[in-house]
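Peer 1: With full-length UniProt numbering, letter number 503 in the sequence shown gets 503, and the count goes up by one each step, no holes.
Mixed in with the good hints there might be a few duds.
Said to hold, decoys possible - List of simulated lysine-lysine pairs, DSBU-like, C-alpha gap at most 35 angstroms:
| hint | residue 1 | residue 2 |
| --- | --- | --- |
| 1 | K342 | K183 |
| 2 | K9 | K258 |
| 3 | K296 | K183 |
| 4 | K25 | K183 |
| 5 | K37 | K68 |
| 6 | K35 | K146 |
| 7 | K480 | K523 |
| 8 | K419 | K608 |
| 9 | K608 | K342 |
| 10 | K296 | K146 |
| 11 | K9 | K25 |
| 12 | K68 | K146 |
For the record, the hints were derived by calculation from the structure and aren't laboratory data. This structure is a prediction, so every number in the text was calculated from the model and none was measured.
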Amino acid sequence: MPTRSQVEKWNIGALGNWASTVAAKNSDCLTHLDKAKTHFSNVHADWSGAAYNAAYDRVLEDHDQGRKLTVEVGDLATVLTGAVSTLTSYRDALLNRVADAEQATLTVADDWRVSGESEETVNAHQGLINSAYFELDNAVSDTARKISEQADIVRSAGDLLGSGLDVSAAEDEVGRLGQQDGKALADWANAPSVDRDPAVLDRIASQLPGHPLTDADLQVLANGGEVDTLPASVQEYYRDFYNSAGKEGVLALSEHLKTQEEAGNTVAASQRDSLANGLALISNEDVGTGRSPDGKLTGAGSYQDVPADIRELIEARRTDPNPINADTTPGGPTVALQQQWKDTNALADLMGQTNPGYEPGTELGTQLYLKSSDMVQDQFNPPGRDDAAGSFAQFAGRNDDSAHQIWSGQGMPEGYDPKETVRALTGHDWSDSDNGRGAATLIDRITEESQLPADDPRGIRGREALAGLGTMLAPENDNKVWDQQKESFANNPELATSVSKAMSANLDAVSTPGLPTGFTENKVFADGRVILNAEEANRLLQLGSYSEEGRVNLTTSVEQHRIAELTRLMQEHPGNLPGQLALSDAGTLSGRVDNAMWDALIDQDQRKGEEALNPSDAMYQAKMMGATLAGQIADDTVGKLPHADIATGLTGIEVGDTVESKVQEWLGKPEYEFMERPSEAVLKAEATNHAHQSILNAAYAAGQLPPGLQTTDGPVTTSVLEQNPAARQVFNDFLAERGLSQYVADYNQSYAIDLGQQGGS
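Produce the entire structure from the sequences given, and follow the hints as far as they go.
Peer 2: Listed below in structure tokens is the structure:
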């Protein structure tokens, strides 16, 4: 994502200069072609016969074919000229939006973030800037693709010139270039080291297609759809390129570009991205080049399009009797195994370079999950093993269908055991690599899909996976698995955070008003509701509490749940709040989360000793941050929209996204410091303030807050109540009229953090 300063420095005029140079050279070429033809016409008076006729026919053929080449070159100049006006227009539109924001006395940072005093004005200008930015970004991608496509056609036409083939077929022959480049790369990799010219690699890298998919295409893939707009020439190029180059050629080019990238070569970095993107494209069953008359995707990718020796490397297992090429490698099986691990690490490193949004095909993703699981179960731990396994899992996790197959077993071969694969990934200690980020993608998919509509096929399977989350990671009847997962989550904060997001987005599966202690089974209902076995739900809450971000996710969501419930009851039962609140599950839910956090913190303390946080302080930190962030979110979403439907602001996947951004913003602040638990008296005072602020937010959102407790932007804060005796009296009267004193007392109790009687699990 280019920054503001980068966009301001763009020299778009350089494209115009390039276009002028191309056009001028093209004109020179036409002149020379005409001169050759004219020359042979002029000598006809002095030269005739069969030899002349043959020579003239050849010159005439070259002239005609050459002019066809100049047509393609001229089209390239036209594309470049059009790019200048297009990009200039979109860039000017974006920078004008920035100027408008600054004219409104707002600040626009280098990352395009708008800040200022009026939140409404900030949001309005931020939306305009975001829209203009993404329009420019799409224009850049589209322009780059058009230039790349036309440049390939010119290259193809140049190859055809003088070959006896019609240059007009250049566009149809572009794919053939992939075979040429791939073969050249394979020849380079197989040549003696003294004969390897790095310039060959640089030339091939410069010819890789760039930007084959637009942001809109990538969004279609992210939503589970199919892309049918990939140029056939690009698909054909990459297929032929990869299969002609093979594993040795592809990895040689990747390592060459990596060395240049590490030396600061940004062009090489982009070229390496293109190399990785191509592997994703040729493998993806949802990326094609068009539609058949019956609407089916054509020209789609496939795992079988991945070079056979790369597939062999991916499918190699620790239980194989011999490593790859054991019989032909000098030094025998030992050296062959070392080379196999080296190639595995290099392939994983390349896949990690794939641009965001580029997904592997379902079968490739599934194979990479299986590979990752197998690698971490190996009794040997060669250098880079966990990094490579984590990279494979992270790349695989971009494809939700792959994650679904691994988790459920659907579409997998007979004898496949989902529990073995999943638990190997989630039960491994990833602390020396990605802290469990790759393994966590299996859970991320569940969180996302569980929020989709009840009749959405992906939503159905996501909720089925959610209902089985406890059985997979924290089974009530299998303490051996439970102990293994606890140990893993204590070492892998990414896994803990991922589970916390799944639980935070689905608190209604943990308990509901009238059933505060939860449910006796795991079940999915036809209307999309999910319920979780109470013990397994408690265990999942504990797993989500092994990271600081996970604890804050949970406490924030519990507080949101509390505010949402209070708002709904104020709207629907303003005259009987005490009676309705008696059925509330909010207090019990808060207690269950407290218990889970405490158990996780005590367990972590026992495992890590001095490295662990003080459990009481960590509990206080999470609860105070949760209450504060929930109040901020309520103020940002519902507090600014009186009488808004609370369900749209404080439930569902929107909450997950909002909580995540708020939590990460808080934890990422330079001034962020860990807080120690204060005295009991101060703790109770803080809890009362949070309870009062929750009531203020909920009453305002429900349209029940007295005018004296409102401002133009929303409800007053508790600090106003402290400073304004009149406002304090209005608020006290409101509490008494609505019978909310017991609610405040119950709220305070949930913040006592007195867990001395808690039992570990």
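Peer 1: For each hint, tell me whether it holds in the structure or not.
Peer 2: Here's how the hints hold up against the structure:
no.: 1; hint: K342 / K183; result: holds, 23 angstroms
no.: 2; hint: K9 / K258; result: holds, 27 angstroms
no.: 3; hint: K296 / K183; result: holds, 33 angstroms
no.: 4; hint: K25 / K183; result: holds, 31 angstroms
no.: 5; hint: K37 / K68; result: holds, 15 angstroms
no.: 6; hint: K35 / K146; result: holds, 32 angstroms
no.: 7; hint: K480 / K523; result: holds, 24 angstroms
no.: 8; hint: K419 / K608; result: holds, 28 angstroms
no.: 9; hint: K608 / K342; result: holds, 33 angstroms
no.: 10; hint: K296 / K146; result: holds, 26 angstroms
no.: 11; hint: K9 / K25; result: holds, 28 angstroms
no.: 12; hint: K68 / K146; result: holds, 19 angstroms
Violated hints: none; the structure is consistent with every hint.
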